Every structure is written in structure tokens, then in C-alpha cells.
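One letter stands for each residue in the lines below.
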Amino acid sequence: MTSYNAASVVLLLPLLSAFFILVLGRTVGTTVSKMISVGSAALCFVVSVATLGVTNDSGVLVSFLNVGKLHADIGFIIDQQSRGMLFIVTFIGLLVHVYSLGYMKEDKAQSRYFGSLSMFMFSMTGIVLADNFAMMFMFWELVGLSSYLLIGHWFEKPEACEASKKAFLTNRIGDFGFMIGILTLWAASNGELGFAQLRESLSGGSVSGPLHSAPAWVLTVAAIGIFMGAVGKSAQAPLHVWLPDAMEGPTPVSALIHAATMVAAGVYMLVRVSFVIAASETAMHLIAGVGGFTALFAALMAVQQNDIKRILAYSTLSQLGYMVMAVGLQAGEAGMFHLYTHAFFKALLFLGSGAVIYACHHEQDIWKMGGLSKKTPITFLTFVIGTAALMGIPGLSGFFSKEEILGAAYHDCGWLFTAAAFTALLTSFYMSRCVIVAFFGKARSENADHAHEAPLIMTAPLMLLSIFAIASGYGFFSDRLQAMVPHAEHGEGHYLVMGVSIAAVVIGAGLAFFLYNGKDKDPLNIKLFANRFYIDEIYAVIVKVFQDRLAWIVSGLESIFADGLVARLPAAIACRVGKTARAIQSGHLQGYTFALGAGLILAIYLVVQVLPKH
Amino acid sequence: MMSSFSIEIFLAVVGVLLIALDAFATELNRKVVPWAAIGATGLALILMLTRSADIPAWITPFYATDSLAVFYKVFALVTTLIVLIIALEGDFITAYFSSSEGVKTRIGEFYALPLIVCAGMMWMASAKDLVALFVPLELVTVSFYVLVAFTRRSAMSLEAGVKYLILGALSTGVLVFGIAWVYGATGSLSFEGIAAAASKPTTNAMALMLGAALLLAGLGFKVGAAPFQIWIPDVYQGAPTPVTAFLSVGSKAAGFVVLTRAVQAFTGDGSQIATQVGNALLSAAALTILLGSLPAIFQTNVKRLMAYSSISHAGFMVLALACGATGTVAFYMGTYLPATLLGFLLLVVLRTQGVGDELKDLAGLSKRSPLLAFALAVAFASMAGLPLTAGFMGKLLVFMAAISKAHYGVVALAVVGAAAGFYYYFRPILTAYSPVEGESTKLQVSPVARVTIAVLIVGVVAVGVYPKLLQSVLK
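One line per chain: the protein sequences are A and B, in this order.
All letters in the first sequence, in the order written, are residues 1 to 614 by my numbering.
All letters in the second sequence, in the order written, are residues 1 to 475 by my numbering.
With the rest of the complex left out, here is chain B (with noise of 0.2 Å):
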């Protein structure tokens, strides 16, 4: 029985040992690093569902166990994994695009980041204070800022590193700002202490609001929420795509608890500023899902088009928060995870196959690999929101929190971004289903990738048939 803590500390060890070992080791199979890093995550996922609840005593101001702590560690170590087995799958495609030309170089760096990666969000999971929030948020990104960039022959991969990494940094300074002055005008780092300062009449509220809305700004970028999305369409489509579904899912979550928390402290109990800033989320999530669906229509290409997608996406989750429903907010990225890494995980055994992301070449794929074009349709159904698929469950209730604040605004808005969704999420779907004409060849799918297809398909029905499953995780 390990108690949390030490399973992150577990983790990011680990990850350090696995790049010494890749880099010190003379004669090392390529694939050691990447199983090493799985098995590792796989423990660390083990170890977790069995953890004792004791953790150091010190550690307890800034340290949070409570549910939706747990919830968001679990998820960070599912995605992990699922993300490292995607890894595994576009191997050769990654060591291709990221060693000089004739040199075979080990890349095990690509599979030991995202174990230290991990760790930096089940560190976020349990963020009670701003400074507990801002080193392992910075932890993550910097180790993304290596993996977007890290197939470096790949020049989309390089333009796509230094975009995230300039606009990255100039988030984070809107953060430390924002940090600043809320420190500034409460006196107090924890989110408890801002909470009771909020309250207090004597705080001064336009300090408050200021530092407020930088903070939000700062976790907006990070989790994709306009006016701030605009980086994501060319990091997502130029990074290596198992980094771009590591990014989608993960840091999106990671970055969803920590605005929770934020969120949570500033419109607690009698706050000065609780109406802006549910004022502010409100108009955000309506910008964003438009700003995520409509753009959507006029993709060709697919990854860019999930990359839209997972913007949208973050429109309802910050539509979710604003009207105060922190536990459909983990719902919603429950439902998240399975049908969007899925995509990610298609992309990548097509790309294996040399098929391309380009929605032309989905065509025929009904006939080229029965398996993948149905986990195709059910990731996009999923993705669009169709009854008995997980993303139904998620949207419907998105819809029925903002129904039961009255927003129907934002509700009119988010219907129409919703209907963009079942355009451009069943094309993908229509064109891989579409009769072609000629011969084809059939598609190989590893045993590895047929699992993990058939898990994730079973996740997404699962919880779209029987949406207790997930509800009863999350108490």
C-alpha cells in the first residue's frame, strides 16, 4: 500500500532513471524503454486503485485527497498509459522522423517524459495552493514544450515546438501576474485563504478581479478556452500525433482541475466577484464552442479537425464550470478520454499503414479494415454526441446544468455548435464508409492496437449505455 504521494514520486523516478538507462546503456533493445515506461504506469495504476490514504503530514496544506483529486490522478495514469501504448504503435514513425538521416538513434526519452508528465498532473489533481498548482503546471509543460517538437526532421513538428513554446511562455507570465496580484490583493497563496478574502468586505475586488481574470487567462490557454485557442489547431496537427492526443486529454484535464479549483475559490460563499467570473466563464464557453465548431466545418484534414474539435470540447467543459458543476465537468472529460483517444490511436495505426490524416484518404476504409472504420464511427459518434455513446451522456448534461441556471443563451449557442458537431464529425464516418471503386489492400492491426480499440469501444458504450459507471467513480 503506497499512499499517493509516493506513487507520484514513484513515477517521475522512474522516468529519470528510464532516460539515464536510455542514454548510459550501450547495448539496448529499443523496445526495453517503452515496455519499462508501461509497465511502470501500468503499476503505478494498480498501486493507485489499492493506495492507503495516509500522506505525509507536512505536506497537507498544499496536498488535496479528496474525490475529485482521486479522480483526476486516475485519469492522468489511464491516459498515460493509453497514450504510451499509442506511442509504442507509431514507434518506427517517431525514431524515422526524429534522428539524423542513416543514423538509428534510441528514442527513449519520447516514452520516459510522459511518465514525469504524469506525475506533474497528479501533482495538479491535488493542487490546494497556488504555488502547488504553478510548479507542476509548469513541469508539464515544459516537458510537452521537448515532446512537440521532439521529431525534428519533421519541420510542422519544429514550427508547431516553437509556437507552443513562445505562446507558452507568454501564458505562463499572464499567470505568474495573475498569481501576483491575487496574492497581492488576498494576502493568501491557498485557495482557501483567497476564498475567505474574497468574502471579506475589507479585500480590495478590482485587485482581486484583475488578478482573477489574469489567472483564468493563464489557465484558459492551457486548457484551450477561447479567446486563447488559437494556438491549438497548428500545435495539435504539428506535433507527433501520440504527443498531440497526450496533449488533448491529459494537460486538457490537468488544466480542467486546477480552473476548477481556481474557479471554485473565487466564487465561493458570498464572494465580491463570483458573478464576473461566472459571468466571464459564461461568455468564454460560448465564444469557444462556436470558435471550436464552426471553423470545424471547412476541415480536410483530420487531425486538424480533432484539434477544432477538442476546442469545442473545452466550450461545453468551461460551459460546465460556469454554471458551478464541477462533477459534470469530470463527467464530461470522462467521456472525453475514451472516444478522443481512440481517434488518436486510429490516426496513428492508419498512419502505421501509410494512410494518411487527409479526410480523402479515409475513403474505402469500410472495406480495408471493417475494425477500424467501426471504431471510427463510434469515436466520432461519440464525439458528435449520439445517443448511447458516452459523449451523449457528457453533452446532455452540460446542457441540463446551464437549462437549470437559466442560461439559455449560452444554451441556444451551444445547440448550434452541437448540430456543426454532427456535420463535421459524421463526415469522417460517411467517407470511411462510402464504396470506392477499385481494389484495395487490407489493413494490418496489431494485437496491441486491437485490445486497446476493442477497450476503448467498450469504454465509450458502456458509459453511454450505463452512465452510472462512470458517475459512481467520481463519488
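The following block holds chain A by itself, in its conformation from the complex (with noise of 0.2 Å):
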């Protein structure tokens, strides 16, 4: 298979599935639908697996959009990055729409569902495989949008509405810094957007190009718009707000979409673009801080979470930015092998997640659970390795790839390894805290004590996907799949890192243990973790504050001048002129004749004597 059949089949199908279910789901009934979309994802899982073989390339699929300076192509790359990643978006997207068949039985829009599925999976391809940031940015809005419409697949619920439109417009203001980010390099290379045109237009190379010699603030503020794209699309503080919000969605697409994938895209995209970050030492420092911090920070707010998907979108949040940091930190691969390992973890704990929420009859509390891990055995099992791996234990994917971030840490920047270390430590303990809440003790709700385990289509993602969660940090797996693993010879300190990232797990697990085994509600009650440090409050007045006021102001003008200066006078003179050029139309043939003569004098006279000779 070639690089360019292989890319236009992962772009294609997804898409004509979209499209196919979104004309004639209706007409062709939810069965059919669900057969289209699981099938697609099916055959790109299988081309993508074929992809892994083939060699580095690149091309243009489809010329989009030629105007001017402006050129937008529909491209591919196809190397190391772009490979592994897309084998990480079909491999979990397949099982999640297998998954789904299950989780979503009862549902009365399955259509819409994997419609909008199939409509995610495209727009995620276009972000692996672009080739420029045309492409990119187009693929991102999509992305965007298959979130806002999978968010709140649920619309009748005010939650889910309210939480996709917060999703979608949190994601704007990312996006607006994306696009000055974007804008300013193509301004500034002289028309360039692909990737490999913009690299060679920095690196100055044979010929020295336009952004070699641009001066170094226009690649600082380009590197930071670039990165407010990441920030959105990943959810670090400050624009971290939505994501917590978005598991009102069905728990299977805060798995593909809200855990492994879209949210990772912003990691992938810093590090396909790692070449003009690196151009901006400032920028470099600012995503660092912002990827510490957002791990620390998010962490906080974990510990104090009681509903078991806003403990894991806490924790996705915290780990992303780890790998946001480590992107700041220079070591792209350590974050790219991060996002790798832990979207197969934390996709099994968000699908385990919904086997518990299943098993419970949709109670998410965990405080109301409790005793299941004689009721459902299997989620049991592979929750605790999902777990595992997730909090680092030593042999277990999670605990590679951690090291990784932490020793990248270590080498640059004393305070983000204390920092980094500590989220270690937190991470240990909420994620204990949640597995002894849940499934240990006595059963505290009678929906937990009725709990049954999930049918095999529910449970076999969830046992393939803990083969992964043990052994992806692995060569023999990571090398197969081309995951970006970092190859730099462990430096001095090596153990130390080691020994304080084992300590960390360590003395979480226990705590949480201490406190919470046999508990039967919270012993801790930290206000300011719990309500997530009051961040939404907050927006909530700014935006009460100024947006509000702003909103009067620019109401206010425009009734004045857009509404009526520009709109209702000249609407008003328009009418003014018609009722009078209506009123020659007498009906009286005299008239008509009248005006006849009249008109051709006035056009002799025109002709002959007032216009002007030349």
C-alpha cells in the first residue's frame, strides 16, 4: 500500500461514512448506520496498521484553495510521528465504536452518534496527517465541532447544551490566538503555511529564507498564538474550564475524544511544529510553566472530586500537561511518548469508567458505589491496571513514560521537577482514593449493590486495551507501533528521579489508603479543591464585569449607527423613492405615452448637449 492511498483511505472513509449516515440515517434505519460507521473505523484501523510499514513520504492530496499568496492544500505527511499516532487514533477509535454498540443500545439517536463518530474520526486523520497548517487549522475547527456535537449528544439535557457550548467557545479564544499564530508566520515567511517549506524557510538552509531574518518577537508571538491553539485544544490553564465540563457527553467519546485524542492534538500539533517553538526561547519557558503548572494545579482539583469521570478528566488534564511541559522543556519525544502510553490508559480507565457507570445504573458518585469489585470483577481488574499504570508503578507503561517527562524535568528546571514530582504524588493519591471509594468497602447505594457486569462487547475493549496499559512502554511494543520513545543516554541524577517518582507513588498510595480504606464519606474537605478554585465563579464575573458592559456599549452603537444610520435611513429613503416611482405607473395609457415622449427628449437631450464631448 502507498503512502498516498493509505492516507486518502483514513480521510475518505470516515468522511463518506459522515456523510453517507448523516443523508439517509434516517431512511436506512439505526442498524445499517451503525454497520457503516464500525466499519470504516474497522478497514482504517487495518490501513493504518498496513501504514506502519511504509516509509517516510508526503504529497498533496487535493489543491484546496489557490488564491493569491494563498495556498491551501489538503495534504499528507506519513513518518515516525504521523504513523504512530494514527495507529493510537484507529486502534482506541475502533474500540470505542465497538464499545459504543454496547454502551449506547438503549439510546433513540444512535444514528446522530456515530455519525458524528465517523465525522470525529475524519477530522482527527486530517490533524495527524496534515502537511501544513492550512490543514491543520481546518482539521482543528472540525475536531472542534465533532466535540461540540458529541458533547452534547444529549441535547435535551440543559448540562450537556450548556457544556458543549462552553467547550466550543472556550476553544474559540484558543483558536483566535491559533490563527494570529498562523497568520503572523505566513506573513512573515512570505506565504508559506507547509510544514516542511516553513522549516527550511527558519533554518535558513541553502538560501537564506524570510524567517530566518524575521526579527525575534514576531517569532515569539508566533510561537505563543501557535501554543494558544494547544492550550485550547488541550485544556491547560487558564482555558482548562471545559473539559471537566465535557463529560456530560456519553462516556465513550470522553474515552476517544476527551482522553486519548482531540485533546492530545495539541500536543501532537507543538510537536510537529517543535521547529518554530524552539525558535522562541521565551515561548519555550511560557508553555514549560504553563504545562507545570496546569499538572499541579489540576491535580489539586482531582483530589477533591467525588464523580468518577471528573476525577479522570482532572487526571487527563494534570497529565497533559505534563506533556505540554515536556514540550517546553525541549523533549517533544518524551511528550509525544507520554500521549502514546497514556491514551491507552486512560482510555481503559474512561471505558471502565462507563462499565462501572453501566453497572450502577448511571450513578457517577463515587461515594454511592462502593463494594464492586466482587459484582464486576473484570472492570475491577483492568480499572486497577489502568490505575496502575496511570500512577506509575514500576513496570508498567505509565511509569516509562513519567520518568521520561520528570528526568527532562530534572535536567532543566528545579522547581517544575518539584512540581512535576509532587503531581506524581497527587496523582498516586487520588486515583487510589477513587479505586478503595469505588470498589472496595460495603455497597452504599442500592444501584451499587444491584450492580451487574457489563456484556462482553463492553468488557473486551476494556481487557485489550489493559494488555496495553501493562506493556506499551515496552520496545517490543513501542517499536512496532513507531511510537515516538525518547533514545537520549540516562544523564547523571537518573536514579534519583527514579527513586523519587517510586517514593511519590508510594507514600500516595498510602496516604490514600490511610484515610479513605473503609470511609464511608470524606474525611478531607478542602473547599478550594472541591470547587475547582473557583475559576468558573471567577469568569463568571469577568464576564458579568466587562463583557457584559462591553455588550451594552456595542448594543448601544449599533442601534445608533449600524441599525439606524446605516440600516433604516437608507431603508426608509429606498421606500420613500419606490412609493414615488410607483405612482408614474397610473395605468393610464395617455400617461405612459406622455412619459414616453417625455423620456426620449430627455435622452436626446442628454445625448446631444449635456454629457460631456470626451
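Since the hints were derived computationally from the structure, they do not count as laboratory data.
There may be inaccurate statements among the hints.
What follows is a list of derived Cβ distance ranges for each label pair [stated by the list, open to error]:
#, chain 1, residue 1, chain 2, residue 2, range
1, B, Val16, A, Tyr605, 42 to 50 Å
2, B, Leu396, A, Glu558, 22 to 30 Å
3, A, Leu24, B, Lys360, 33 to 41 Å
4, B, Leu158, A, Leu24, 48 to 56 Å
5, B, Lys360, A, Gln590, 28 to 36 Å
6, B, Val436, A, Gly29, 26 to 34 Å
Derived DSSO-like pairs (lysine-lysine); straight-line CA-CA distance at most 27 Å [said to hold, decoys possible]:
#, chain 1, residue 1, chain 2, residue 2
7, A, Lys157, A, Lys368
8, A, Lys442, A, Lys368
9, A, Lys442, A, Lys157
10, A, Lys69, B, Lys468
11, A, Lys579, A, Lys375
12, A, Lys368, A, Lys579
13, A, Lys69, B, Lys405
14, A, Lys519, A, Lys375
15, A, Lys579, B, Lys360
Here are some, though not all, of the chain A residues that point toward chain B, as calculated from beta-carbon distances under 8 Å [unchecked claim]:
#, residue
16, Phe533
17, Cys575
18, Thr593
19, Leu602
20, Ala603
21, Leu606
22, Val608
Because the structure is a prediction, the values reported are computed rather than measured.
Note that beta-carbon positions come from the ideal geometry of N, C-alpha and C, so glycine has one too.
Dock chain one against chain two, each of which comes alone in its own frame, and use the hints as you go.
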């Protein structure tokens, strides 16, 4: 299979599937829609596995837009980064499709659900394959759209509506910055959007390109702008607020989009264009700082959450913070490695939480669960494996990738290392808390008492993902799946980092056991964490004070200028003239004949006398 | 393989034969003449597309076969074909209003005359000479006098016929007067000769200008350009709807092709009167757009609304002509055809179902017939110039031509006209799609009408999405 064919297939199949379901979904019925969507996901997976063997390549699929200096193509890059990512996206995508067959069985709008999933697969593979900023941005917006549609799948729930709106609007802010970044680069490089061309232009190479000679602040603006795109999509502080709310969507969607793939797109994109970021010292510091801060900040909030999906959501924020920090520390490979292992164990945890929720009849509060380890053994076992991988228990995948990031921080910045290590401790603490409270002790509600194991179609993906959660960190797996693994020699301090990392796990888990074992309600009560540092409330105030005032002023100006002077006044004049002109149409033939003669005289007068000769 | 000239003779002969058949055959199904007319037009269209380039040598001084001529000939054939289909749809209404009480008459002329009109319009497209312009123009106009007043039991149709006859005769007089002055000033009747004389300093510019003014006024009447647009609303509203469609598309296009040739002759290289003619056209364009668009705002009758709309469209085409963009005029005409014929076809189909042509009659159309409501939306959206419809590309090209010649003042007025268009074109759409109380009966649409509607919708959208389709035909 050539890379050109592979790229076209993984892009086109989900698009066709989405289009078909959108247009004919109602006619052909739910079953056919489901089969088409799952079938396209399976085929994409097969193709992406086949792609693992092809050589690096890039090219143009469709020349999309060619106006003046703006050239936007739908192209593709097949290299190690995109091959590895394509595998993650299609593999987890396929598992989520299959899992959804069970999880969404009772849903009334399954066609729409599976159509949106296909739409997401199309958008996400577009991001992975993108070879230029224009294409990246288009698909960036498309994943935003599919995420919006899927979060709001149960739109009759007001919370889901609000959450989808919030996700969309918050991402707008980030995307606005992203656009500024892209346009800055485009302008500074004299009309280049392709990654390869921009890299060339920046490096100087044989001919000194325009980007090479651009002033430092221009590159900083571009790098920070691009980073803003990642801040929105990968939910970094201060735009992290949408991700926890996005948990209102169906759980399989949370696993695929809001844990494993789309939210990681920010990291993927930053690594893809790391040459731009490397050009600006300021941007790098900013990125590492924001990443480290988000990691710690989110972990603190996770400590006091009671909703099982929200715990996982904050954990995702925190882990994404790790990855972004790694990018800022110029350890993009470590970031991508963590992205790769995280995708498996976090998808596992989310799907596991879905199985728990399914078992407990849509109960999400861990304090109303308890004792599930005996009633749902497979879910319990796989959830524990996922938790262990996330905590970073030595020997599991998360341990290797987290250690790489800690190592990068250790070499670069003491503060960040401290924050990252403390985050590791907190991660271990809140995940142990989650497992202890939800699965051990006695059932604390009727729903938990009557819990039953999920069907095989849901547990099979869990078991498959468990294998990856355990083993994906080893070279046997990661080499075959073309994951980006840092191969740098471990310098001095390697054992210290490892020691700290293991100590963090042990202390965190121990504390959690000590505090939560056998408890019926939370002994800790930290309002600040539980209320998420009141960030949402602060934003609400900001919006009220500034935006509403601004809106009030703008609306006033609009009613005077836009509505009055631009719209109503000319409309009134037009109506006046129209009425007058209509009066000529009296219907009297004599009048018409007279008007014709008068018009004739006017015409002759104009042509012969009045109009200037030259 | 027939030459285009033979095809025109063929059409005229078939037209005359059909009239004779209708008059003398005693036992004849009423549907024979209409279908024969449609068949003949369809055959002529096929022959036209596979024509041979040879024409008799004696006729070449009067008869052009350039791409402009070919485009308008095909245009005339397509228009006639669709108009005949529209006429067939409304057949029983025409029959009812054109015969005496209680008497069943055949109305064969109603289908035969369009063939003769079509032949005339095709000759006009080839006119290289003022006589070759005038004779077919009169053939077309006189045939229209009959067609407009055809439904003689309808007072409105009769009134329209009388108005059209008197004002048309007046304009013909002006046109002939203009031809005489031009001949007197240049000593030539052919456009080539006129263009050559116009650039000679020995020619009396004043006499030529007077002739040009009269000639343009006469042709301006035919295309409905201000200040000679005054007859249009009454005549269009009163005439039988198929005839209105024919007038507003076919007659207008034929008027524009001869106007194009005349303007080209007057504004050729080094012409003494080029600036005056250009400015006169510009003023006429601005006035036409405004006098077409603004009164339309108040129309509550859809047929009359489309009459005003046709004035406004004529304004846009005169504007393109004033900028020397003859290709754009043809393109605009090409975008105008499907939308306008679609609109009139809908009016006829609705009329046969007992739905009137007042705006309020359209209420709830989307429930009664989704197809007709959608077709209405497409037709009016294209007339307004909504992107992705043919009308948008037409307006876009006109604006581009005007801006490239830096006529910003006229462009501003044209924008006002186009903006007003969005108001009055979208009112019928809004009415058709607004919900209504109570039960409503479904409307029946005949298979022929369905197919025609579908073809016209596809035409509107195809040209809007891929304008090269029409542009390549023009080359």
C-alpha cells in the first residue's frame, strides 16, 4: 500500500461514512448506520496498521484553495510521528466504536451518534496527516465541531447543552490565538504554510529564508499564538474549564475524544511544529511553565472530586500538563511517548468508568458506589491495571513515560521538577482514593448493591486495552507501533529521578489507604479544591463586569449607527423613492405615452447636449 | 447537417404550417399542435447544436455567425422550448379565456406563433445591418401583439395588448426615425460601415448622435431600460403568463443582442460619439436599476413583482454593456433564463391548481408542495443573487466590470438595487415557508412540469457552483 492511498483511505472512509449516515441515516435505519460507522473504523484501523510498514513520504491529495499568495492544500505527511499517532487514533477509535455498540444500545439517536463519531474520525485523521497549517487549522475546527456535537449528544439535558457550548466557546479563544500565530508565520515567511517549507525558511538552509531573518519578537508572537491553539484544544490553564464539563457527553466519547486523542492533538501539533517553538526562548519557558502549572493545579482539584468521570477528567488535564511541559522543555519525544502510553491507559480508565456507571445504573458519584470489586470483577481488574499504569507503578507503561518527563524537568529546572514530582504523588493519591472508595468497602447505595457486570462487547475492549496499559512502554511494543521514544542516554541523576518517582507513588497510595480505607464519607474537606479554585465563578464575574458592559455599549452604538444610520435610514429613503416611482405607473395609456415622449426628449438632450464629449 | 439559416427557415415554415393545420383540419386533437411545436423546437435545437458552418454566400453581408450570434440563437431555442412547455401546462386556462362563452375553440396559434417569434429572434441574433435588425424585430414584435392580447375574454389581457400595441408602435417609429438619421449621417446601414464612419472626422457627429439617441431609445424600449420601462409592469401582468415569460426572457434577450451590436458599432475604436453613448448607457443603467428595484418593494402581486424584477435585471445588463463587457451581458442573460422561466412556470402550475398570483396566496406552499416551494426559493434566491446560485455569478461579473472601469457612483446605486432585491425577492420565499393554520390540500404537479422544474433548478445551481459551464459555452 502506498502512503498516498493509505492517506486517502483513512481520510475518505470516515468522511463518506459520516456523510452517508447524515443523509440516509434515517432512511436506512440504526443498524445499517452502526455497521457502516464501525466498518469504516475497522477498515481505517487495518489501513493504519498496514501504514506502519511504509516509508516516510508526503504529498498533496487535493489542491484546496489557491488565491493570490494563499495556497492551502489537503496534503499528508507519513512519518514516525503520524504513523504512531494514526495507530493510536484508529485503534482506540475502533475499540470505542465497538464499546459504543453496547453502551449506547438503549439510545434513541444512535444514527446521529455514530455519524458524529465517523465525523470525528475524519477530522482527527486530518490533523494527524496535516502537512500544512491551513489543513491543520481546518481539521482543528472540524474536531472542535465533532466534539461539540458529541458532548451535546443528549441535548435534552440542559447541562449537556451548556457543556457543549462552553467547550466550543472556550476553544474559540484558543483558536483565535492559533490563527494569529499561523497568520504571523504566513506573513513573516512570505506566504508559506507548509511545515516542511516553514522549517526550510526558518533554518536558512542553502538560501537564507525570510523567516530566518525575521525579528525575534515575530517568532515569539507566532510561537505563543500557536501555543494558544494547543492551550484551548489540550485544555491547559487558564482555558482548562471546558474539559471537566465535557464529561456530560457519553462516556465512550469521553474516552476517545476527551482523553486519548483530540485533547492530545495540541501536544501532537506542538511537537509537529517544534522547530517554530525552538526558535523562541520566551515561548519555550511559557509553555513549560503553563504545562507544569496545569499538571499540579489539576491534580489538586482532582483530589476533592466525587464524580468518577470528573476525577478522570482532572487527571487528564494534569497528564496533558506533563506532556505540554515536556514540549516546553524541548523534550517533545518524551511528551509524545507519554501521549502514547497515556492514550491506552486513560482510554481504559474511561471505558472502565463507563462500565462502572453502566453497572450502577448511571450512578457517577463514587461515594454512592463501593464493594464493586466482587460484583464486577473484570471491570475492577482492568480499572486497577489502568490506575496502576497512571500512577506510574514500576514495570507498567506509565512509569516509563512519566519518568522520561520527570528526567527532562530535573535536568532543566528545579521548580518544575518539584511540581512534577508532587503532581505524581497527588496522582497516586487521588487514583488510589477513587479505586478504594468505588470498589472496596460495602455498597453505599441501592444501585451499587444491584450492580452487574457489563456485557462482553464492553469488557472485551477493556481487556485488550489492559494489555496495552501494561506493556506498551516496552520496546517490543513501542518499536512496532512506531511510538516516539526518547533514546537519549540517561545522565546523572537518573536514579534519583527514579527514586523520587517511586517514592511519590508509595507515599500517595499509602496516604490514600490510610485516609479512605473503610470510610463512608470523605474525611478531607478542602473547599478550595472541591470548588475548582473558583475559576468558573471568577470567569463568570469577569464576563459579567467586562463583557456585559462592553456588550451593552456595543449594542447601544449598533442601534444608533448600524441599525439607524446604515440600515433604517437608507431603507426609509428607498421606500420613499419606490413609492414615488410607483406613482408613475398610473395605468393610463395617455400618461404612459406622454412619459415615453418626455423620456425620449430627455435622452436626446442628454446625449446631444449635456454629457461631456470626452 | 443544416446551416443555422436553414434552421430558421424551417422553424418559420413549421409555424405557418401549424397555423394552417389548426385552421383547416376539421378533426384534430387539441394536443397535436402543441406537441408538434415542442417537437419542432426540440428538433431545431438538436439541429442547431450539430449545425454546419456554411451559409449561402449572398446573405453574408447581412448575417453574422459569430459566437455571440450562436449563443443567442441557442438561447432563443431553449427559451422557446421551455415557454411552449409552460404554455402547455396552462393550456386549459388559455383556452378558457380565449374562446367565446360555451364554445370550444382550438388555440393552435398560441403554440405556432412562438415558432415564428423564435425564428425572428434567431435572425436578430445574426443582424449585421440595420435593415436585417429591423425586419425580424418587427416580426417578433407583431407576433407578440397577438400573443399578449390572446386571452381576449380577460379584460386585463386586452388592456395589456392595447397598451403594448400603441407604445410598441410608437417605439418602432422612434427606432425607424433613428435608423434614418444614422443612415443620413453615415451613408451606411451596416454596423461595420457605421463604425467606420463614426471614427471619420468628416462625419457630422451631431446628426449621428441624434440618430444614435433615437435608435438606442427604440431598442431601450424593447429591453425595458429606463426611461422607457414604463409599459412593462402593466403588460407583463396582463399578458397570459407563458407570454409574459416569453417577453421577459426571449424578447429581452433578442433586444439585448441587437443593442449589443449597435453599441459596439457606436463605440468602436476612434468613434466620435463613444463617450456620449457610454455615458448615456450608464445613466440609463443606474436609472433602470433604481426604477426596477425600488417600486418592487411594495408589490404584493408576484407576477407584477417579476415584471419589476425584469426591469432591474435589464438595468444590470445595460450597466455591463456600458462597460463594454458584451460577454458579461450574455452571461447574465444565461443566468437570468433558468431563474425567470422557473418563476413563471411555477406561477402557471400554481394557477392550474387554483392558486392565485398574489403574495398571500403563496402562504403555506411548503406544506402543500415541498417541490414547488423549493423551486420558488431557488428561483428567487437566484434572482436576488444569493451565492451558489447562477444569479450571484451574473451580478458578480457585472460589478467586476463596472469596478474595473471605475464607475463607482453607478456601482453604489446598483448595490442599493441589489440590496433592495434581497428584500423583495425573499418575501415570497418567506411567505411560502411560513407556517399557516388549518388544513391545506396537497398540490398536484404533472410529470412534465416536474422534469422541467428539476432541470431548471439544476441549471441554476450548476451555473452558480461551476460558472465555467456557461462561460465555456460563450467562447
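Hints, verified against the model:
Under the hint 42 to 50 Å, the C-beta atoms of B:Val16 and A:Tyr605, about 44 Å apart, fit the expected range. The hint said 22 to 30 Å for the Cβ distance between B:Leu396 and A:Glu558, and at roughly 29 Å that hint holds. As the Cβ distance of A:Leu24 to B:Lys360 is approximately 37 Å, the hint placing it in 33 to 41 Å holds. In this structure the hint that B:Leu158 and A:Leu24 lie 48 to 56 Å apart at CB holds, the actual value being about 54 Å.
Restraint check, B:Lys360 to A:Gln590: a C-beta distance of roughly 32 Å satisfies the suggested window 28 to 36 Å. B:Val436 and A:Gly29 have their C-beta atoms about 33 Å apart, which keeps the hinted 26 to 34 Å range intact. A C-alpha spacing of about 22 Å is found between A:Lys157 and A:Lys368, which places the hinted pair at or below 27 Å, so the restraint holds. For the given pair, A:Lys442 sits about 10 Å from A:Lys368 by alpha-carbon distance, which is consistent with the 27 Å threshold.
Among the hinted pairs, A:Lys442 with A:Lys157 is inconsistent with the structure: their alpha-carbon atoms are about 31 Å apart, more than 27 Å. About 23 Å separates the Cα atoms of A:Lys69 and B:Lys468, which keeps this hinted pair within 27 Å; it holds. The straight-line distance between the Cα atoms of A:Lys579 and A:Lys375 is roughly 81 Å, outside the 27 Å bound, and the hint therefore fails. A threshold of 27 Å between alpha carbons decides the hint, and for A:Lys368 with A:Lys579 the separation of about 73 Å lies outside it, so the pair is violated.
With a C-alpha separation of about 25 Å, the suggested pair A:Lys69 and B:Lys405 falls inside the 27 Å cut-off, and the hint holds. Our distance criterion of 27 Å between C-alpha atoms is met by A:Lys519 and A:Lys375, whose separation comes to about 19 Å. A C-alpha spacing of about 21 Å is found between A:Lys579 and B:Lys360, which places the hinted pair at or below 27 Å, so the restraint holds. This hint is violated: A:Phe533 has a C-beta 47 Å from the nearest C-beta of chain B, more than the 8 Å allowed.
With 8 Å as the threshold, the beta carbon of A:Cys575 comes within range of chain B, its nearest partner Cβ sitting at about 6 Å, so the hint holds. The interface hint given for A:Thr593 holds, since its Cβ lies 7 Å from the closest Cβ of chain B, which is under the 8 Å cut-off. The criterion of a C-beta within 8 Å of any C-beta in chain B is met by A:Leu602, whose closest approach is roughly 6 Å, and the hint holds. Interface hint at A:Ala603: satisfied, since its Cβ lies 5 Å from the closest Cβ of chain B, which is below the 8 Å cut-off.
Against a cut-off of 8 Å between C-beta atoms, the interface hint on A:Leu606 holds, since the closest Cβ of chain B lies about 6 Å away. A cut of 8 Å between beta carbons decides the hint on A:Val608: the least distance to chain B is about 5 Å, and the hint holds.
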